[in-house]
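Protein chains in written order, with numbering that gives the first Met the number 0: chain W, 0 to 81; chain B, 0 to 904.
If you're looking for bench data, these hints aren't it; they were derived computationally from the structure.
What the simulated footprint calls covered on chain B by chain W, stretch by stretch (three residues with Cβ under 8 angstroms from a Cβ of chain W suffice, anywhere in the stretch; the number is not a length):
hint	segment
1	19-26
2	31-41
3	67-78
4	327-341
A virtual CB, placed ideally from N, CA and C, is assigned to each residue, including glycine.
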Amino acid sequence: MCKPWLSLYKIQLELRGLLWAFRVRQSVLLEISRILNTGLDMETLSICVRLCEQGINPEALSSVIKELRKGTEALKAAENTS
Amino acid sequence: MATPDQKSPSVLLQRLCCRILGRSEADVAQQFQFAVRVIGSNFAPTVERDEFLVAEKIKKELIRQRREADAALFSELHRKLHTQGVLKNTWSILYLLLNLSEDPRKQASKVTSYASLFAQALPRDAHSTPYYYARPQTLPLNYQDRSTQAQSSGSLGSSGISSIGMCGLSGPTPVQPFLPGQSHQAPGVGDGLRQQLGPRLAWSLTTNQPSSQTPTSKGFPNALSRNMTRSRREGDPSGTLEVTEAALVRDILYVFQGIDGKYIKMSNPENCYKVEEKANINKPLRDMSVRLAELGWLHNKIRKYADQRSLDRSFGLVGQSFCAALHQELKEYYRLLSVLHSQLQLEDDQGVNLGLESSLTLRRLLVWTYDPKIRLKTLAALVDYCQGRKGGELASAVHAYTKTGDPYMKSLVQHILSLVSHPVLSFLYRWIYDGELEDTYHEFFVASDPTVKTDRLWHDKYTLRKSMIPSFITMDQSRKVLLIGKSINFLHQVCHDQTPTTKMIAGTKTAESPREAEDLFTDLENTFQGKIDAAYFETSKYLLDVLNKKYSLLEHMQAMRRYLLLGQGDFIRHLMDLLKPELVRPATTLYQHNLTGILETAVRATNAQFDSPEILRRLDVRLLEVSPGDTGWDVFSLDYHVDGPIATVFTRECMSHYLRVFNFLWRAKRMEYILTDIRKGHMCNAKLLRNMPEFSGVLHQCHILASEMVHFIHQMQYYITFEVLECSWDELWNRVQQAQDLDHIIAAHEAFLDTITSRCLLDSDSRVLLNQLRAVFDQIIELQNAQDAMYRAALEELQWRLQFEEKKKQREIEGQWGVTAAEEEEENRRIREFQDSIPKMCSQLRILTHFYQGVVQQFLVLLTTSSDESLRFLSFRLDFNEHYKAREPRLRVSLGSRGRRSTHT
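Chain B with its partners taken away, still in its complex shape (with noise of 0.2 angstroms):
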C-alpha cells in the first residue's frame, strides 16, 4: 500500500533526481538539495502566466526549426489538452517543456562551470542533512502544507520547518530573509501563499544560523527568536502530521462497510461516528468525512437487523422474505464499495507510473454516494418501523411507507412490498384456491383450530387474525377470503365432496412469482379484487348447489316450517285427535313408543304422507322433562333430527328454540282445540237441554264466557299465524333464495328464529306478558272443566227425567197408575235438589268470568305498553269493542301515550 505522502513534490523532486541521475536515493542527496534551494528560493515566477503566448511561443521556435509540420502537430495536441481540460496548470507544463527543448540542430554544450556549485556544497552538507534526508516529505513544498501554513496564524506548522531548523543549511542564499509577520500579509490563497513559502522556507532554513546572517530590522532576531522558542516548543517529529484527503478517502471506504478507520471511529455510547479529535484534519475534510460517515451507520443499522433477523428461527417466511430484500440491497451497495475500492487499487498500483492525480476525492465521494445514501435512509428508516414486526403485520408496515411522494423512495419500497407480500400472496392463493392452511409461524390472518372437530367447522374452526391483515387488503376482502377458504373444507370434510377447485372455479390460478405480486399492486384494487370475487362466487355458488341437491337444506327448512311450527294444519289437527285421549293421562303412564305409532298413523292418513321419506323419517316424538303431576300435555313434543351438513344451519341452538316455539304454538293450538269441544259441546247439547228452562241461565252464561274466550284465542291465533309465522318465513324464504354462500343463509335463519322468539312472547323481555298468557290459557281449561261437570250434571238430571217420564208412560200403558205419590216426591225433590244447585254452577261461572277477564284486561295492559309494534295492535283487536276499556281505567289513556310508557307498569 502506498504512502499517501507519496506524491508530496519533495518526494516527487528527490525521485526526478534519481531518475536523471540515475542514481539511486541515497546518492542525489546533494542534488536533492540543491534542487530544494533553487525551488525554496525561486518560487514566483517571473514571465506571465499565459498558456497562449507559450504555446504560440513554441510554434514560432518551431517554425524557426523549419519545422511547420511539427509546428501543426503541436497545435493540434495542444487544442487537444485543452478540450480536455485534465490540466490545471497548461501554462505550466508548456513553459517547462519550452526551457527544456532543445534544438537537434545545435549540439549539447557541455557546461563544467557548474559543477562547481556541487562541489562547493558537498562537505558540511554532507554531515548536517540526516533529517533531511531521512524525512523528505516533511518539507513543506505541496500544497496542503501550504494551507495549513496559511491558516496557522502565527504558529511555524508543520513540524518539517522545526525540524529543519534544527539543522540548517548553509550556504549562501540569494534571497532576503523576511519577517514572518510581512509573510502573513499576502492576500488570497493562491499567489499570495507562494510568496509567502519562499521567504519563510528560506527563513527557516537560516533559522539556526542568525549569526551568518546580516539582520535587516530590528525586529529582526526578536521574531527569531521567538519562533526559535517556538520551533523548540512544538519539536516532536511525529505527531502533528497532517492527515491527507487521500488518507481519509481510504478511512471512509472502510467506514462505507462498518469497519473502524484509522481516523474515523464508531463512537458507542453516541452511536455515531466520529472523526478523532487528536489527528490533524482541516475542518472541511473533517465536516466531510462526517457527513460520508453516516452511510456506514446506516449501512451498520440495516445489516444489523437483517443478520438478527436471520437467526431468528420464528420469524416467518414474511420476514426472510424480507430480510432477503435488504441483503439483495445491501449486496448492491457492496458492488458500488467494490467498485471505488478497486479504483483505489487502481491508483495505488499503478497512478504513479500513470502521473494520475487522485481521482477519490471526498467531494467526489459525496457526489457519488448521494443517491446510495437516499436509498439507505429509506431502508434504515425502514427497518426502525419493521422493528419486532412479523407477517402480515409486517407487510402492512412496509405498506405504510409506499405511501410518499417521492417516486425514488415509492419505487425502492414498492419494490420490497412485492418481494414482502409475496408469501403473503401465495398464502391467500393456496387458501382459496384449495383451503389448505400451511402457517407454521401464524404469518396468515386466516387461523385455524385444530381442536374443533367436523361438526363445528363452519362455525368455530377459522377465524381471522385482525393484526395480520395487511393494509392492502381490506376487511371486507378478507372476510371474503376466509369464507372461500372455508367453504372449500367445508366441501371437503363436511359435504364430502372432493371435487377438484379447477372445475369449481374457472379462472386461471395465479403463477407464484414475486412478478405477479409486483405487478399485483400496480392494479390492485381492480385485478385482486376481482379474482377474489371470482372465486368468492364461484366457490359458494357451488357450496350452495351441494347443498341443496344433495342434502336438500331448503326442503329440511320447509319441513321444519311444517312440523315443528306446525304448517301442516291436516297433520296437526289430526294428530291432536288421535293424541287427546293419550295426553290426558299423567305424563310418567307415557311410552314413546305408542306416541310414535300414534304419530305414524297420523302421518299415514293425512298429506304429510306424501312428503319424501327422508323427511318424514327424521320426524320424531320427544318426552320432555316430567315434573310431577305432569299431564301428557306439559311433556308431549315433535322433534326432528338432524345431521351432517344441514346441523351446520340448524345447530343445536336453533333446534332448542324450535322446540320452544314448538310448545308454545302447540299449547295455543290446544287451547283453540278446547274451546272447539266446548263449542261442539254446546251444539249438541243445547237442543237437548231446551227442555230444562231453570238450566238456560247457566247454559247462557257459558256460551258467553266461551265466546270471549273464542274470540281471544282467535285473535291470538291470528297474530301468531300470521304476523309473526308467515310474514318472518315469507322474509326468511326470500333471502335464502337470494343468498349467495352459507353464511348469509345462517344469518338469515338466526334473525328468523329471534324474530318469531321474541314476537311468541318467549324471550326473557317478556316473561310478565307470556306469564299473562298462560294465566289466560288456564283459565281457559278451568272453564272447560266447570262446563264438563256442569254439562254432566245436567245430562244426568235430563237422563233421570227422561227415565220418569219414561217409567211414567210405561205405566199408563200398562194402566196403572203413572207415578206414584212416593215417585213424584222423589222426582219433585231431585229436580229441587237439581234447580238448587243452579245457583251454585252459576256463581262459579260468574266467579269464572271475573276472573278471566280480569286476567285479559292485565294482559291488554302490559300489551299496551310492549314496545312491539304488532302486539300493541294486537290489543287493538282484542279489544275491538272496547268491552275491556270500559272497565278498566288504565286502557282508557290513548294508545300513543300508552306506547311511550316503558313495560314496566
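Only chain W is shown next, with the shape it has when bound in the complex (with noise of 0.2 angstroms):
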C-alpha cells in the first residue's frame, strides 16, 4: 500500500528474524549439551544461558550447579536407603 510504512514491514521482518536467531541458538546450544552430555534439559539450559548473558561467572555456575546435581544424588540415595 503506502510506501513510507514499509518501515512496519521490516520491523516484522527483524522481529522475526530474532526470534529465528534464538531459536537457532537454542537448538544448537541444546546440541552442543547434548554432545558434551550435560544432563541439562531444554529450560536449565536457557536458565543458565540467561545467565551467562548476563555476566555471570561459568566457574562458579558449573560448580554450583554440580553441587547442586551431588545434592540432589545424595539426597535421593538418603532417600532411596531410608
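With the hints as a guide, dock the two chains, each given alone in a separate frame, to form the complex.
What follows is the structure in C-alpha cells.
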C-alpha cells in the first residue's frame, strides 16, 4: 500500500529474524549440550544461558550446578536408603 | 503479565535451583543461599576468556573420547553459533558446558562429602532468611544494579544491600572484605564492575556482624559504621527500586497511543510528556524515553483534530476527506504499535521458556519509529496549518505543504492532497460538464445566488468565491470554469436548450476516483488545463451558435445600429418628413397610436420593409416624459424591444444608453433637416425676390449666416457619423465576430456604448460642451424662425406688389387710368413701410449672427481644450479658414499648448 509504512514490515521482519536467531541458538546449544553430555534439559539450559549472558562467572555457576546435582543425588540416595 | 524483574539473575538462580533439585521455591532456600554465596564470591573468572581455546578444549575432549564425528559436529555447531552472533558471551556458555560435560564412559561418582556443607549451614540460616527468601530479586546480581552502584558513588545503591545488611549471613566466607573506597577505584565498566561487586557483596553480607570479622585496616570500622548509618538511613525497601528498560518499553508503548504510562505522563500545563522525577530511572533511559514520548504527543495532536472535526457537521466534504486521510495514516500507525505489542506479548508468554533476551529495547524503538515519527510530524504540521480552514482553502493549505524538497514528506502530502482535492475536483467536473452545483457547505469557489431570477442569470447569479479557489487552480482557470458552468445554465434556463452536455463536448467525462485526482497532480498543467480549455471552447461555441442562430443576436445588434443609431438613412429621412407636421405641435396633443401609424408607413415606403418581421416587430415609438412648453420634437423617440436571451447583452442600462444617443443623433439630424429647409427656401425664393432689390441685403445676410450654420452642422454630422459611429461600430463588429464566449461580446458591446456616449458628448465630463452645442442648435432654430418671418413678410409684400401690378394692367386693358392717385399713394406708403422694416430685419439678423458666432467661438475654445483627440481635430475642421480664430484671441494659442490645458477654462 503506502510505501513509507514499509518500515512496519521491516520491523516485523527484524523481530522475526531475532526470534529465529534465538531459536537457532537454542537448538545449537541444546545440541552441543547433548554432544557434551551435560545432562541439562531445555529449561535449565536456557536459564544457564541467560545467567551467562548477564555476566555470571561460569566457573562458579558450574560448581554450583555440580554441587546441587550432587546434593540431589545424595538426598535421593538418602531417600532411597531410608 | 510477567514482572519485569523475572529475568534478574537472582530469580533465575532460584529457578535453577528449583529445577535441578526438582523442588518448589520454598524448599530450595538453603541451596539458593549457597549458590548466591558461591557466585557472589567467585566473581572473577580464573581462566582466560578465549572462546576458541575453549572450543579447542572441547574438541580435544571429544576426540579423547573417540568421538570424532561428534567433534566435527561440534565444530559445525560452533561455527553456526558464531555466525548467528546472538550470544554475547559464547565463551562463558561453552566453558560452562565443558565443565558440566560428563564422559559417558565414566560412572557418575557420588560424593557425599559436599552434603556436609548443607548440613552445616542449615540451622542458623533457616531463621535469618525471611527477607532473603522473600525478595530474591533485590539481590544486586544483575547488570543494571551493578551499573547503578557504579554511578551512585558513596551510596550503597539499591536497597537490596541494605536489607541484606540487616540480616546478614553467617558462616565462613572465603573472601576478605574490602573497603568500599577500594572498590570504587576499579576502572571501566565491564570487568571492573564485576570485581567491585564481588567484594562489595561479600562485605555487605557481613555488615551487621563486625565482631566476627578480622579487621584488615584501621579505617574499616569507621567505614563500616559510616555505611551502617547509611544503610539505616536508606532502610526503606520499597521506593528506590530501579526501573528497568523493559518497564519503560511497556510504558512507552502506551504513551505511543496517547495513554499515560506508569512513569511517563502527560503534563497538561506544559503540553508535553514528562518522565516522573521521583522514579529511579537513569539518565540515558530517561532521555530516550522523552524522545520516544514525542511520538505520543504527535499522535494525540492528530487524533484530537481528527476526532473534533468528525463531530463538526458543517465541516464539508473536503474537510471530511482530510480527516479520513488522517485516520488512514493513524490506522497504519496503530498497526505498527500492534506489531510491537504482539512482540511484547510473545516475550511475556514464551520468552522465559525460550531464553529470549528482550528484543524490544528503547534504542531499537527509536530506530524503528524514526520514519513514523517523520510521518507524524508532517501530519501534525499539516493539522496545525489547516486549523480553522475548510473547503478550497483547506486544499490550498495542503497544497502549500507539497512544496518541499524532501521526497518522503512530499509523497505523503501529495497523497493527502489527492484525497483532499478529490471533492473539489468532482465539484468542478460536475459544474463544467453538467452545470450543476450541489455545494451545501460552501466549499466550492463558484457561488450561486438563489435570489437572482432568470433575467439576471448571466450577470448576477454566479460569482467566484475567491477565498475558496485552491492554489493549484489559477485565476484564469477558475474564471473559465465559472464561465463554462454559467453558459450551461444559461443555455438550459434562458435559452431553453436542453441539449445534454455530452453532445456539446466531444471529450470524455472524468471518472470519479481519487486515482484520477492523483494522476492529475502529476501532470497538472497539461491535462487539467486541456480539459478546462476543451470544455470552455466547446460550450462557448455552442452557446454562441444558439444565440446567433436561434435568437439572431447579431442581427438584432445590426438592427439597433440601423434604427436607433440612425443607420438606415432613407428610412430616417422619410420618417422625419412624415413626422414634421406632427411634431411641431405641443407635446401634449400627441398620441402614440398616430405616431406608430406614421412609423409603419415610413417602414413600408423605404428599404426597411425588407428587414425580417422579427426585427420590425420590435421597432416602436416611445414618448418621453412631457415637461411644460415641450413640442413634439422634445418627446419623440424610437424604441426597440428586447427580451429573452438577447436581453443579457442588451440590458436595461444599455437600452437607456441607446436612447440617449438616439436623442442626440435625432436632434442633430433635425438641425440638418432645418438647414436643408432653409436652403430650399433660399433656392425657391431667391428667384421670386429678385425683383425686390431692397430686400437683397437682408437676403444676403441670411444666406451668409445660413451657410455658416450649414458648414458647422456638416462638420458635426461628419464627426458623429464617421469618427464616432462608424469607427466604433467597426471595432465592435470585429470583436463580436472573433468573440469566443458571451462575456467577450458583452464586454465589447459595453465598450462600444461607452465610446459613443463619451464621444457624443453625453457623458458627465462633457456636460459643458454639450450645453454649448445645444446653444448652437438653438440659434439655428432662431434663424429658422427669423427667416420664416422675414420670408413671410417679404412674400406678402411681393404678393401685394404683384397684385397692384395686376390691377394696374387690368385697368389699362379696360382703358382706364392704371392707377389712381390714392392707390398709388397707398402703394407707396406700403412700400415705404416695408422698406422701413428692412433695417429692423437687418439688425435682427446681425444680432443673430453675432450671437451665433459668439456661441460657436465658445464651443471651439472648449473643443480645443478637451481631452479627446478627435474633438480637438474637430475644432480644426470647424475653423478651417481661421474665421473664428481672427475674432477670438483665445483660439490663437497653438494647439499644442491648448491641448495640454485642462478642461476648466
